[in-house]
Amino acid sequence: MRPSMLLLTIVMVMSTVVFGCDEKVYGAAATRPPQYRAPEVAPVATAIEAPRAPAIPPAAVVDGLAARMQDATEEAAKAGANISVAVLDRISHQLVTNGNTRPIATASVAKLFIADDLLVHQSEATLSADDQAALDVMLRSSDDGAAETFWNLHGGNAIVTRVASRYGLAGTAPPSNGAWWNTISTTPDLARYYDMLLNGSGGLPADRADMIINDLAQSTPTGIDGYPQRFGIPEGLYNEPVAVKQGW
Numbered sequence: 001m002r003p004s005m006l007l008l009t010i011v012m013v014m015s016t017v018v019f020g021c022d023e024k025v026y027g028a029a030a031t032r033p034p035q036y037r038a039p040e041v042a043p044v045a046t047a048i049e050a051p052r053a054p055a056i057p058p059a060a061v062v063d064g065l066a067a068r069m070q071d072a073t074e075e076a077a078k079a080g081a082n083i084s085v086a087v088l089d090r091i092s093h094q095l096v097t098n099g100n101t102r103p104i105a106t107a108s109v110a111k112l113f114i115a116d117d118l119l120v121h122q123s124e125a126t127l128s129a130d131d132q133a134a135l136d137v138m139l140r141s142s143d144d145g146a147a148e149t150f151w152n153l154h155g156g157n158a159i160v161t162r163v164a165s166r167y168g169l170a171g172t173a174p175p176s177n178g179a180w181w182n183t184i185s186t187t188p189d190l191a192r193y194y195d196m197l198l199n200g201s202g203g204l205p206a207d208r209a210d211m212i213i214n215d216l217a218q219s220t221p222t223g224i225d226g227y228p229q230r231f232g233i234p235e236g237l238y239n240e241p242v243a244v245k246q247g248w
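My numbering puts the first residue of the sequence shown at 1, with every later residue one more than the last.
Hints may contain errors.
[As the list claims (entries may be wrong)] Mimicking SDA-like on lysine to any residue, the simulated pairs with C-alpha atoms at most 25 Å apart in a straight line are: (1) Lys78 <-> Gln94; (2) Lys78 <-> Ile91; (3) Lys78 <-> His93.
[Stated by the list, open to error] So the derived label-pair ranges between C-beta atoms look like this: (4) Ala72 <-> His154: 14 to 22 Å; (5) Ala66 <-> Asn214: 13 to 21 Å; (6) Ala133 <-> Asp63: 19 to 27 Å; (7) His121 <-> Asp71: 22 to 30 Å; (8) Ala129 <-> Arg68: 31 to 39 Å; (9) Gly168 <-> Ala79: 32 to 40 Å; (10) Ser201 <-> Pro103: 32 to 40 Å; (11) Gln122 <-> Arg102: 30 to 38 Å.
Everything labelled a hint here was simulated from the structure, so no lab data went into it. All C-beta atoms in this analysis are idealised placements derived from N, C-alpha and C, irrespective of residue type, glycine included.
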């Protein structure tokens with residue numbers, strides 16, 4: 001992974017905020033993980049909480065959320081962290097942010113775009129066994145080598161341009177230096193991306209979108225480089241099934 005990030009970005013895209021009506025459940029709840037002391041590298045995380053049956057009205061969940069976000073933002077600032085948070089209610093389509101929506105480099109979160117572009121262009125064909133294995137390890141264990149290979153084979157910066165166009169990601173742009181880990185995006189864009197990935201409006205067929213989500217739901221405790229991948233949402237929601245792509 002590329003330790004180039006200065007911001008902690010959390011994107012939570014939820015069916016009915018915390019609960020959902022989609023019958024699919026990705027991943028499995030984990031037992032509470034042991035505590036560890038992570039290296040001093042500021043992470044970027046994106047995540048989707050796996051959908052469950054609706055239990056309470058969406059409005060009841062988002063009520064007061066902005067104030068709680070502000071409290072969390074202020075607490076993070078005291079610790080020297082500059083955070084960007086976006087929560088999307090996929091039923092009411094309410095988007096709540098903490099006000100920090102400036103573009104940032106996404107680090108390995110860009111692997112979502114690499115995977116999406118690969119799969120949309122392979123929608124009429126079966127991935128080779130080698131490509132399937134590389135895709136799985138790229139999303140589950142954040143393998144940089146697989147990302148680099150796909151990036152170079154399929155157009156580099158053009159990958160981000162194509163994905164941003166299909167999903168209407170106004171704040172997302174290719175890296176200025178051609179390095180995939182410096183792809184630029186915003187938390188609202190990432191929330192929009194996940195929402196459209198799940199509902200199919202971004203152009204990726206449902207079976208291909210499921211390949212991405214199923215891989216994210218099987219994210220390994222550590223990345224292929226040994227860095228812990230359970231920080232943030234997985235540890236905070238350790239009893240919940242989540243599908244998450246971390247970046248650092």
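Query raised in the report: If you check each hint against the structure, which ones fail?
Result: Violated: hints 1, 2, 3, 4, 5, 6, 7, 8, 10.
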